[in-house]
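Going line by line, the protein sequences match chains A and B. The opening residue of the first sequence carries number 0 in numbering that gives the first Met the number 0; numbering runs sequentially from there. The opening residue of the second sequence carries number 0 in numbering that gives the first Met the number 0; numbering runs sequentially from there.
Among these hints, one or two may not hold up.
As the list claims (entries may be wrong) - With the C-beta cut set under 7 Å, the calculated list includes, among others, these residues of chain A facing chain B:
id, residue
1, ALA19
2, TYR45
3, SER48
4, LYS59
5, THR84
Don't read these hints as lab results, they were simulated from the structure. For glycine and all other residues, C-beta sits at the position ideal for the given N, C-alpha and C.
Each chain is listed here by its residues.
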Amino acid sequence: MLEIIQIEPNELKLSGRFDASQADSATKVLSAQTESFIIDMSELDYISSMGLGVLIMTFKRLEESGHTLKLKNLSSHVRDVFKYTKLDQVIEII
Amino acid sequence: MMNQKSFDRDINGLADVFQFINMNLEKYGIPQNSLLELELTAEELFTNMVRHNQTSDKPINISIGKHGRAIRIIFSDYSKNPFDLTKADEVDLDEHLAERKSGGLGLHLVKTFMDEVHFEHSDDISTITLIKNI
Numbered sequence: 000m001l002e003i004i005q006i007e008p009n010e011l012k013l014s015g016r017f018d019a020s021q022a023d024s025a026t027k028v029l030s031a032q033t034e035s036f037i038i039d040m041s042e043l044d045y046i047s048s049m050g051l052g053v054l055i056m057t058f059k060r061l062e063e064s065g066h067t068l069k070l071k072n073l074s075s076h077v078r079d080v081f082k083y084t085k086l087d088q089v090i091e092i093i
Numbered sequence: 000m001m002n003q004k005s006f007d008r009d010i011n012g013l014a015d016v017f018q019f020i021n022m023n024l025e026k027y028g029i030p031q032n033s034l035l036e037l038e039l040t041a042e043e044l045f046t047n048m049v050r051h052n053q054t055s056d057k058p059i060n061i062s063i064g065k066h067g068r069a070i071r072i073i074f075s076d077y078s079k080n081p082f083d084l085t086k087a088d089e090v091d092l093d094e095h096l097a098e099r100k101s102g103g104l105g106l107h108l109v110k111t112f113m114d115e116v117h118f119e120h121s122d123d124i125s126t127i128t129l130i131k132n133i
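Model the full structure from these sequences, guided by the hints.
Set out below in structure tokens:
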């Protein structure tokens, strides 16, 4: 199960597991973000390619309108997934 | 010994797939990151079969077991149009990400996280065998 909560005006926190079954609901929440924002991933235990796809789509949409998406506090597994797909070279991790 | 279970072709059944993997592997005390990599690999194959194999409405069979250091997971799916993932072109990550595309990353992760990936197709059944040494 994936939980997305707003913890600051420009910051969301993802908790749980971002798998294919969560992609539609996550897309709905993230597509409502129209300004630059940060995602705290400290409690995100798992992410698959479908989760990555939602983040890439969000990043691309914001980038095209001159905004940014940044990530922080990645767990070991999530950091590995970003490293092996080279996404850590595209989406800024702070 | 391999344990086997059949799963309906439904993305919302992923939780059952994860539970089956965990239930069969928890006794081996596998490192958490390796367990998550096995779950991710299972998800990528299961969702590929559900989303892209339009030739079947039959359940997908998953077998799992450990032989020595090797965790072995076998997916079997009825298919008239087999897709041999071992022969799929390697994704060019640099070009791919420059264009902000996400397709193909799942198979890339499968090949990255597993030590061996084998594909067979016979009698309209596609069989994918994954091996990860722990």
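Using the nearest Cβ pair, does A/LYS59 come within less than 7 Å of chain B? At about 4 Å, which falls below the 7 Å cut-off, the nearest Cβ of chain B leaves the hint on A/LYS59 intact, so it holds.
So, as I understand it, the hint says A/SER48 touches chain B; can you test that by seeing if any CB pair is closer than 7 Å? holds, 4 Å
For the hint on A/THR84, just tell me whether its beta-carbon gets within less than 7 Å of chain B. holds, 5 Å
Holds or violated: is there a CB of chain B closer than 7 Å to the CB of A/TYR45? Interface hint status for A/TYR45: holds (6 Å vs cutoff 7 Å).
For the hint on A/ALA19, just tell me whether its beta-carbon gets within less than 7 Å of chain B. holds, 5 Å
In the structure shown, no violation is registered for any of the earlier numbered hints.
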